[in-house]
Amino acid sequence: MDVHLERGLSIMKGLITKDLLGLKQVALTMGVLMVFYLFLGFMSMKDASGGMMYLSIMALVINIMVPLSCAGYDEQCGWDQFGASFPVSRGQIVLSRYIVNLLVICFTTFVVIVGDMIFAAFGGNPAGVAGYIVPIIVSLVYISIMNPIIYKFGVQKSRIIVMVVFLLPSILFFALSMLLSGREEGPSSELVDVIDKISSLSLAKMIAAEIGVAALAAIVYALSLLLSISIYRKKEL
Amino acid sequence: MTNAIEIKNLVKTYNDFTLSIDSLEIPRGCIMGLVGSNGAGKSTMIKSILDLIATDRGEITVNGQSNQNPTAREEIGVVFDELKFPQIFTAADVRTVLKGVYKDWDDALYEKYISQFKLPLKKKIKEFSRGMKMKLSLAAALAHHPKLLILDEATSGIDPVVRDEILDIFLTFIQDEEHTILASSHIISDIEKAADYVTFINNGRIVFCEEKDVLMEKYRIVKCGNEELDSVNAADIIGKRTNTFGAELLMVSDKVPEGFVSAKAGIEDIMLMIIKNEDMKDL
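So the protein sequences, as listed, match chains A and B.
Residue numbers for the first sequence follow this note's numbering, beginning at 1 and rising by one.
Residue numbers for the second sequence follow this note's numbering, beginning at 238 and rising by one.
Next comes chain B alone, as it looks inside the complex (with noise of 0.2 angstroms):
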């Protein structure tokens, strides 16, 4: 089976940083969440994906179509950080125009969604809540019948209650096994409740893409005192959190000693840890 997303060898380098993909393939049907810090390369690679910059080298492909060929995007639904349409216009003016971009664009589907968010049809976008043009962006990015959604920092600023509608939203369109999600976010909670795999960036490279069971299973925290930590094999240990009584290890599960005491690492640990890690190995 193709899959939603194919990413070789790409490279795109700007004067102080540098994404470099090796290879990267996201299977169709499933939620993708992308995680990392600021900078990390996340929207370098989302608007790569999209055609919005162009790369040094590499081969983007989004439903075995070439990402550069504009009918690939007939199949993407893209939801930014922010409602990118002009403050004046209302959600009836967007499907004005939307309805003449898109060659399967849905009145009936995007009035559902209009109706189902409780957005006014006749509303200026400006005065709009952050959540409400959220909603919009999403009924606007799925009007169209996309069968991969991209979402780059979406959730980011909505309270939870919001949140936790647009991530049903997501849920329902996964329920289709064509469908596809892609999210970048800084909220990890949203990635740890919806998303089927992570893939993890920093400094512009993969660190992991693992599904987010296997992952969750992975990794342990391991607590130890000062004198336990000196009996830990160094080259086992992949991040270290001390403090005064001796510090939180991030290890891979079969590494950890036996009698130390551990619990489960959720991705956010797992990330901050491996970012300090390899901050510590740059100094």
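Bound-form chain A, shown alone (with noise of 0.2 angstroms):
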């Protein structure tokens, strides 16, 4: 293997390594979390979206507390001064942050796919690959947004920023609500339109245009890397 490789993966694997040992601060929380949520779709998975509701809140808590967790762990103990003396980039240190989000991502989706088989087993609806891609997609964008400005204002002045981000969604889901609830007396607007459209595709074909969109959100998280470390570059540590 080329040599800069060999040094690049193994500086890599360090990172990452460091990340992962740091999560055992919040592996309590993570626990409690998943078994709640676990629980939680368990007791609803005869219901119309069966368990799936629950599973992918659990993915999205967990996807999103992670890079917000690790980065204030950094800051309180001071890493990233001591992470930039090591004879690493800027770049690679902010890429192993990266990785390490899909690589929860990846336990997350792990974690939903065996909870919705077991729901499965004792007479649930499953929800299937297409349940299973939708909170990867809203988890990617979301820490496509969340990282930059992490790195940009520091954990403690971005929570204030990226309570914002989290509130938008449910604000944009309150109003889409109130459409839909008007659609009885009024007219059906456009959106409901769009959304009549997606609700009547195949499911082939749903989880055609989910892949899809999966494939727009890993090029917002590839941008969104690039802007991190853009700024992290830039920062003074």
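No wet-lab data here; the hints were simulated from the structure.
Note that CB positions come from ideal geometry on N, CA and C, so glycine has one too.
Some clues are possibly wrong.
Part of the chain A face toward chain B, derived, beta carbon under 8 angstroms [unchecked claim]: (1) Gly78; (2) Trp79; (3) Lys152; (4) Pro169; (5) Ser170; (6) Ala175; (7) Glu236.
Fit the two chains together into the complex; they arrive one by one in their own frames, and the hints show the way.
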């Protein structure tokens, strides 16, 4: 193997291990959250949405909690300064964090799939692939927005900005609900037409559409990585 | 022979502070003590060397390589005033991470230091005393065979016994003539004990960078009464500390007037009196 590539991989391994070992600090919280949402999902597995709604919330909460926790603990112990004094580039430091975020998304997706299969085994409504992809897309977009903000402003200052970022989709969801509720009384809006079209898609087409959106989310994630690297390179540590 | 560190025309400006170093060369094989009051620019200088901050201008080389090249840091071991690993880490976790990061990481050497410092491998860092944390920092900084050890207030807040133990490690490290230490410290006695050279920074500028032994011979503290004080040429007085009975003056040895009682000046005396004198000028 090329010497530079070998060094690069070794450095990545070291930096990723640091984050994963650091996650021991939130392991208990993550465990409790998982049990809690799995329990809620199990209780509602025979509903129309099955237990998928709770599994998705679990995946989202953990996927979003991890980048905040990693950055928070780093800030607390002054890791940023220390890490940058190693023979690593700032780009490698940021890349390792994005890889850790992806690893966590893989882990929660695995839990979602196992949870969905367990629910199905107990007579619940399985969500299938179409259900698994949605939390991945939302997590990728959230993290893509969050990470550059954290690198720019630090965790403490970012909390408010991140909260607004968290609230925006809720407001949009609320607005959407308002539109849908107005549907019975008045003429349907264009938005409702779009939703109707999506709902009427076959499962195969739905999955294909989701994969398309996931690919877009992956591109956004890559762009976010580049933006974070550019921010972190200029940061005074 | 290449210097361990070379700084040329370095300028770093903050809102209310500017670090400006025209030229500084730290030769290999020595311990360079960096002294100065809080906010004098010591940490800014160290951060500049480690490329943790972007300088406005200037060039810094470490062992002949630009400090902006990450590989230059393969040969640097850094000990900050705090152990900057997450508190939940153990000494074994530190090893796992640094093994990947440093090309020349030496497990056996790390374990040798861990055992020499009597540190537990499996205990969480948050349960370590300050002295233990510092020893772990040092073990981590030395286990990849660095040629340059940079210490930023590493010995502050540590009891004298541990400090002495750490100073011994420095002296062993420096036995290799390729090895160099740059240590900033508030504890002047440590610098006096171990350093070969002393760089004194005040208000972002280097006041002097001298060989310690030369420095100790260069200055004298002159004790004189109020009447004798009037007879001393004011231009020869580098620093002055007045009291009810007269004054203590910091003077270059060969400028001490005949018949005056003088004593050797310690680094602390030199530093304090120069700072005081510069503060008086600023008023």
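Verification of the hints:
Of the supplied interface hints, the one on glycine 78 of chain A holds, with its beta-carbon coming within about 4 angstroms of a beta-carbon of chain B, less than 8 angstroms. Against a cut-off of 8 angstroms between C-beta atoms, the interface hint on tryptophan 79 of chain A holds, since the closest Cβ of chain B lies about 5 angstroms away. Interface hint at lysine 152 of chain A: violated, since its Cβ lies 15 angstroms from the closest Cβ of chain B, which is beyond the 8 angstroms cut-off. Taking 8 angstroms as the C-beta cut-off, the interface hint given for proline 169 of chain A is violated, the closest approach to chain B being about 31 angstroms.
Because the beta carbon of serine 170 of chain A sits about 32 angstroms from the nearest beta carbon in chain B, more than 8 angstroms, this interface hint is broken. Interface hint status for alanine 175 of chain A: violated, as the beta-carbon distance to the closest one in chain B is roughly 41 angstroms, over 8 angstroms. At about 5 angstroms, the closest approach between the beta carbon of glutamate 236 of chain A and any beta carbon in chain B falls short of 8 angstroms, and the interface hint on this residue holds.
Comparing the model with each numbered hint stated earlier shows that hints 3, 4, 5 and 6 do not hold.
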